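Fit chains B and C to the known structure of chain A by using the hints.
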Amino acid sequence: MKTNLSNGEIRIGFYICHCGHNIAGVVDCTAVAHEIAGLPGVVVSRDYKYMCSDPGQELIRNDIREHALNRIVVASCSPLLHENTFRNAVEAGGLNRYFFQMVNIREHDSWVHTNRAEATTKAVALARAAVLRVRFHRALETTRVAIHPDVLVVGGGIAGIHAALTLANAGKKVYLVEREPSIGGHMAKFDKTFPTLDCAACILTPKMSAVRANKNIKLWTYSEVAKVEGYVGNYTVSVRRKPRYVNEELCVGCQECIEACVFKEGKYPDEFNVGLSKRKPIYIPFPQAVPQVVVIDRERCLQLKSGRCKKTCIEACADRHAIDFAQKEETLEIKVGNIIVATGFRLFDAKRIPQYGYGLYPNVVTSIELERLVTSSGPTGGEITMRDGRIPQSVAFILCVGSRDFRTNRWCSRTCCMHSMKLAQLVREHTGADVTVFYLDIRAPGKGCEEFYDKSLKDGIQFVRGRVAEVTDWALTPEEEGKLVIRAEDTLAGVVRRIPVDMIVLAVGMEPQADSQAVRRLFNMSCGSEGWFLEKHPKLAPVSTFTDGVFIAGCCQGPKDIPDSIAQAGAAAAEAMALIDRGYIEQEPNTAYVVEEDCSGCKSCLPLCPYTAITLDGETHKARINAALCKGCGTCVAACPSGSIRQHLFEDDEIFSEIEGVLTHA
Amino acid sequence: MHDVNWEPRIVAFFCNWCTYTAADLAGVSRLKYAPNVRIVRLMCSGRVDPQFILAALAGDADGVLIGGCHIGDCHYVEGNLKTLRRFQMLKRMLAEFGIEDQRVRLEWISASEGDKVRSVINEMVEQLRPLGPLALRQQFKDWDREIADGDPVSATPAAAMHETEAAHA
Amino acid sequence: MKYAYFPGCSLKGLGKAYEESLLPVMERLGVELVELDDWNCCGATAYMSVDESKACILASRNLALAEKTGSRDLVTPCSACYLVLNKTKHYLKDSPEIRESVQRALDTAGLQYSGAMPVRHPLDILVNDVGLDVIREKVVRPLTGLKVAPYYGCQVVRPYATFDDAWNPTTMDRLLATLGAEVVPYPLKTKCCGGSLTGTLPDTGLRLTYILLKEAVRRGADVIATICPLCQFNLDAYHDQIARQWGPVPIPTVYFTQLMGLAFGLPESQLGLNRNFVRMKPLPAIPAKA
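Residue numbers (the working numbering), protein chains in the order written: chain A, 1 to 666; chain B, 1 to 169; chain C, 1 to 290.
Same shape as in the complex, but just chain A:
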């Protein structure tokens, strides 16, 4: 049995905690201490009522001094709870904090077993394992990594905007990268927000302007992150900027070029108005766009596609010369210490549920389309009309389209009930139409939301509980002629109903963005089983990811409304700021490392690491592990055919001794 201590014997202090009655009530602690005292290397073996208390920790510190202990084992509760506490005590006693091993005899023993003899035998086995293991513990240092003070925020929706402003106002330098030509995200398309019915543009646009005005924020729109390299505190990011063929510095947003375009009218679906209106190849996304700069669609512009155009736009901009058809895509490299990903969501494609007739019947629209109709700056000037221009006299809302549905998406999209009731109230207000909401359950959890639901009921909106089976235009009775008929089971009344209406609004659910897998790999994040970016812990760390230095905020983490998105954005900014202001991050030294003499350069380990921490050294042709990137999973350690990769804190000899310890008969 080899020891790794070159300068003397192993002297172990063993402590078993009563934890009041929690452990001692089932496990005979005195007997365990007695058993362990007989093991080789154990100098001190005590049982005590509360090891984690101050006197308990004092006991450890004193014993280290008085008995020249160099290894400590504590048998008490779960290491997930108090490993750090005891490591601190050990360090305070003058020992390296990693000369410590903890034994779980509470959560894994006294709390789950009733037979005293069996529980005590198990406690002895587990304690013996720890005592054998701890002999092989090496002195390790917690590593520190410096943090670059700049931050990258990816996504310019409300979450990204808020995170960027919070950081910038704290004096940090922020890069805000947004894929679309303007920031604002989905919220820019909304008319009023629930439950207060305040105007979305009125609360969003000041924040958008603040972003533009803030000297600490570098705003790059029409841009995407192309590559991320590095590790927490030291990220090198390549940002690809798409050419808008308009010089951002020179354009003042007067829009004369759009007026002058050879296309007399809009011809292409306007993205901001979700296809309800048309735009020209040269356009500005929406009137309050930030930056207030024109963009030219290179797929549709005559000059860019064929080279043959009168270029009336250039003429119109004669005094500023902002239009530049020679503009090229450029890639810029930046260095940041932290990244906040706030890339938002996409809406469910209603065509995936053909029973609802979206795309088949012109008067079946999605919630976002209705949102544009309702907005006074929208394609109909705020008039809610059907496709033929008539004002609807009856409108139905179908909830949970692409949500809570095992055939499409199982989750609840959280905002659609409130969103639909908001639209329902606005429809009632604008048109006086009869409004029916077909729902499964009404979810109105936020502040003021239940009251909003009450108001909807008082407004005379009808609610029918039942998943809509289909939307059809075949009429059974004269009243149904010319209308869309909704067939649904009214589960409260217990009948199947046919309800004819003029217009139907589908409350489409939220989904992860189409490229979420590609994006998560870019930032070394995981996605949950549903496709949303995975948080480190659903309750205790909702904006952190398993990759240090990368945070998530807003709907990219899961469906949520505006207040929650802003809350998460603030939280992510605070987490980033904590790292920046402290200036360094500490890493538990359970990383893998290569013993070069034993490495043959077989490269079996290279593809195994999800953090790309292992590379092949170009000169030595041996594997090399970047300790800052290594997260300590140990997969490469188990895979290495020559055993040349080892793991600190989880060395083979440590684990083999644990196995031996639990199996040795008393």
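Just so you know, these hints were derived from the structure itself, not from any lab. This one's a predicted model, so the numbers in the text were calculated from it and none came from an experiment. Please note: incorrect hints may appear among the correct ones.
Once the Cα atoms are required to be at most 30 Å apart in a straight line, the calculated BS3-like pairs of lysine-lysine come out as [said to hold, decoys possible]:
hint	chain 1	residue 1	chain 2	residue 2
1	A	Lys-49	B	Lys-32
2	C	Lys-68	A	Lys-483
3	A	Lys-310	A	Lys-328
4	A	Lys-483	C	Lys-191
5	C	Lys-191	C	Lys-214
6	A	Lys-603	B	Lys-32
7	C	Lys-2	C	Lys-68
8	B	Lys-116	A	Lys-536
9	B	Lys-91	A	Lys-455
10	C	Lys-68	A	Lys-351
11	A	Lys-351	C	Lys-147
12	A	Lys-351	C	Lys-214
13	B	Lys-91	C	Lys-93
14	C	Lys-147	A	Lys-483
15	A	Lys-189	A	Lys-278
16	A	Lys-227	A	Lys-310
17	A	Lys-539	B	Lys-91
From the structure, some residues in chain A lie toward chain C, with a derived Cβ separation under 8 Å [said to hold, decoys possible]:
hint	residue
18	Pro-354
19	Gln-355
20	Asp-473
21	Leu-476
The following label-pair restraints were derived from C-beta to C-beta distances [stated by the list, open to error]:
hint	chain 1	residue 1	chain 2	residue 2	range
22	A	Gly-359	C	Phe-163	17 to 25 Å
23	A	Tyr-50	B	Asn-122	30 to 38 Å
24	A	Glu-530	B	Lys-91	48 to 56 Å
Note that CB positions come from ideal geometry on N, CA and C, so glycine has one too.
Leaving out everything else, chains B and C in the frame of chain A:
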């Protein structure tokens, strides 16, 4: 031949983030289960070297349980996929040795599935009972003796137990 | 092209017109349908509701006989036969108990069924194997101006939609368009016709039939094209009763193969059109070859 009070002994390798946490949750919830398991904590089920399993079996464990996160939820992205691969290959190898299928088990248990820890352990203990002790150490000794003396020995300790019982009947 | 052919009881009885029109059309296209020797009733929907295991045994005999012929596919025009035979295939695959009892039964008759032979519908064969181009060539009298509502019924799309979309199948639509007909948009194309309920629960069953007829009339169709003998019967045989209870819905229902035959210039007497209760308006004469 073996102790009538014999109880199966299982060594478990649990990943820190999911299964170990689930076992903690089982404790916090005061669920009760068989005391036959000894848990070894690792960061990821991907750290489970097949040698650990073999060492446990050779060290007289009657069974080995490996616990990791559900596929797709590994804290380290894909460690559990490697575990799965190794496990499948190892099972084939163990079958060649005549080690019964029930003795080595891989379970995906998420941090919220405290009850699954309980039911898996209880189930495994009950499955191992009729198989009897693996007693590999004794097996090796018996085979060595057989090779030296040319004296045939029973296939498994359980078979030996039955032979002894039959002889006494 | 040669296929094993399972007509089923309907096509020899009430659904005679289906077979009468199907065979010459297939012949014109160079497709040979070889009727299974000594086939038995498939059990249809009735037996499946009474005893699944025995129903599978009954249907499996036909599958075994078909496999013995060595043909690549078994073609069955009746939607009920089509569904029952396919369901049996699925049950044989999924249930070891049914597989066992079927095998025991087949053993007594010296038969075997591997479960591999596909059971297909003539619509599938015509559009996917023969191809619309070949069909178009054979059209001598395009059905120009004839408005057809394509009605598939339920059994060919539910629960298995093997050769077309379950919600909005278009195989027959495309076929009819190839024949030169004007295909009327018909959202009820897969709705239930009432099935056997038209006999047992007429208030419910006939109402479903009425809805189909009414919508076809409302859409301006001249004729409804079907692929199932029970659908054809329901849509054709109860007009008086329906008219009394709800209102007149004067629209004929024919088999799609009858329309194909008309487009191919086959003599009307050969296509079983005289068997309909509600007659189709005669089509213009075949244009002389230019």
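What hints, given by number in increasing order, does this structure fail? 2, 6, 9, 10, 16, 17 and 24
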